[in-house]
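*Asks:* Protein chains in written order, with my numbering: chain A, 1 to 174; chain B, 1001 to 1164.
Any given hint could turn out to be false.
Ranges between beta-carbon positions, derived for each pair [what the hints assert, rightly or not]:
| no. | chain 1 | residue 1 | chain 2 | residue 2 | range |
| --- | --- | --- | --- | --- | --- |
| 1 | A | L3 | B | P1059 | 24 to 30 Å |
| 2 | B | S1035 | A | T7 | 24 to 30 Å |
| 3 | B | A1024 | A | A147 | 40 to 46 Å |
| 4 | A | A147 | B | E1164 | 42 to 48 Å |
| 5 | B | L1015 | A | S162 | 47 to 53 Å |
| 6 | A | I163 | B | R1038 | 36 to 42 Å |
Don't read these hints as lab results, they were simulated from the structure.
Even glycine gets a Cβ: it sits at the ideal position worked out from N, Cα and C.
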Amino acid sequence: MMLGILTFVIFVVMMREGTDGVIEGLKGSWTLSRRALPITLLGMGLAGTLQVLAPPGVIGKYMGDDSGLLGLAIGMVAGLITPGGPYVMYPIGNALMASGAGLGPMAGYVSARNLVTINRLLVWELPFLGWPFTLTRLIVSFWMPIAMVILLPIVYRLLPQSIRDRAPERTVEK
Amino acid sequence: MTLAVMAGLFLTSLLVIKWRHGNAGVKQGVNQASSMLRRIAPMMVMGMVIAAMASVALPSEVINRWLGDESGVTGILIGIAVGASVPAGPYVVIPLLGTLMANGAGVGPLAAFLTAWSVIPISRSLVWEYPFLGAPFAISRYLVALSFPLIAGFLAPPIFALFE
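The following block holds chain B by itself, in its conformation from the complex:
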């Protein structure tokens, strides 16, 4: 399903480019995509291996105890701490979360993890946001976002229960 939607979007965007910018535009788009692929492919492969290895290295009992549904506030805080400090892209983090989920991590800690990784990433903020968008913007954004992962961690389980 997702694949079909993606393929449709890709073909539509190619047609729009062909119509508006001609073949040169199509070539530029394909070049952008292939340079992104070359940059990301090695990281993706490593990410998959890391996620799969982590599922072997971390036994379910450990995950259950620290990040399970019963782990409460502690689980959410661990999720936030790990999420904010993981210096990796979606190709590591999302498969890793999938692994944790399959091995007993709760919805609250997972949502807190994913939100912390998204809005208060320590290394991405220092390495990218601060130099490119400037200190005052980066600092005020980080301060406002600090509470977001905690709120997400508490809101997620009751909402998730609606879809089960």
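The following block holds chain A by itself, in its conformation from the complex:
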């Protein structure tokens, strides 16, 4: 997938700007990498240590349907600190659900993770987009996990039974 996009952009640059354009693009890539490298390495180190400090199977038990505000808060905080890409987040989400996490806390987990990951914020958004834009985006986003926590369970109950039957099974009864 990525290789395809890469080939495509290099091809377009080649067509429009010739070899000089490609060289200019490569110089730009080097500048970008040099700026991002140190902080990315630290971000990944932090991601690794966080998974040892807070294993998901344990956290999910505190996120049940009747865990109330505490469950919502735990879900959102877990989302904020979950590092890595979808290959980390969704298996963790699955483990949280399997160990009993309810709809509201899961909605909090997924939307907090999607919108404001501390890792992504520090490693990518701040260095590349600057603090005025990053802060703006945080302000226009902070209500979204809250809206999601309230609305998702309502929409879920409105879905036809045939779709609701396809929820993953829980290993722990609530």
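Based on these hints, arrange chain B on the given structure of chain A.
*Replies:* Just chain B now, with coordinates in the frame of chain A:
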């Protein structure tokens, strides 16, 4: 500044692990980090090249016209459409947004792009969310999130103006 904060957090977390789980815990943490690095490094390098190449391939006039501050609702809708359909991680998307920003894209379209990529990503929802979290959860979450990027696109410019 950011670097110092990150280094501090990393060292603190290592110390906490060392104190609570001993050397085995530290080793486990380092292993997790290095396997993540090996998986992501090639994608990161490609992402940087894609972002830098895009800045050569897309002239400022084009970006200005379709995503500039004057592009209004059209710019926001383009931002949402592209954001929802880009099948890439932050290592491509954020440098690309930085490039677009430096070449004249407006705050509204950029915020809409970033929000759409975050909450209504088509490929991530199909490939990851649907199988791992189940159809009913994925569908209801997607439906609720549909309006978020549009709202972000309209709210962002006046708030951004406060910080300039």
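*Asks:* Please go over all the hints and tell whether each is borne out by the structure.
*Replies:* Quick rundown of the hints versus the structure:
1. A:L3 - B:P1059: 24 to 30 Å: holds (25 Å)
2. B:S1035 - A:T7: 24 to 30 Å: holds (27 Å)
3. B:A1024 - A:A147: 40 to 46 Å: About 42 Å separates the Cβ atoms of A1024 of chain B and A147 of chain A, which means 40 to 46 Å holds.
4. A:A147 - B:E1164: 42 to 48 Å: Since the Cβ atoms of A147 of chain A and E1164 of chain B sit about 28 Å apart, the hinted range of 42 to 48 Å is violated.
5. B:L1015 - A:S162: 47 to 53 Å: Because 52 Å falls inside the window, the suggested range holds.
6. A:I163 - B:R1038: 36 to 42 Å: Since I163 of chain A and R1038 of chain B have Cβ atoms about 38 Å apart, the given range 36 to 42 Å holds.
Hint check: a violation occurs at hint 4 only; the rest are consistent with the structure.
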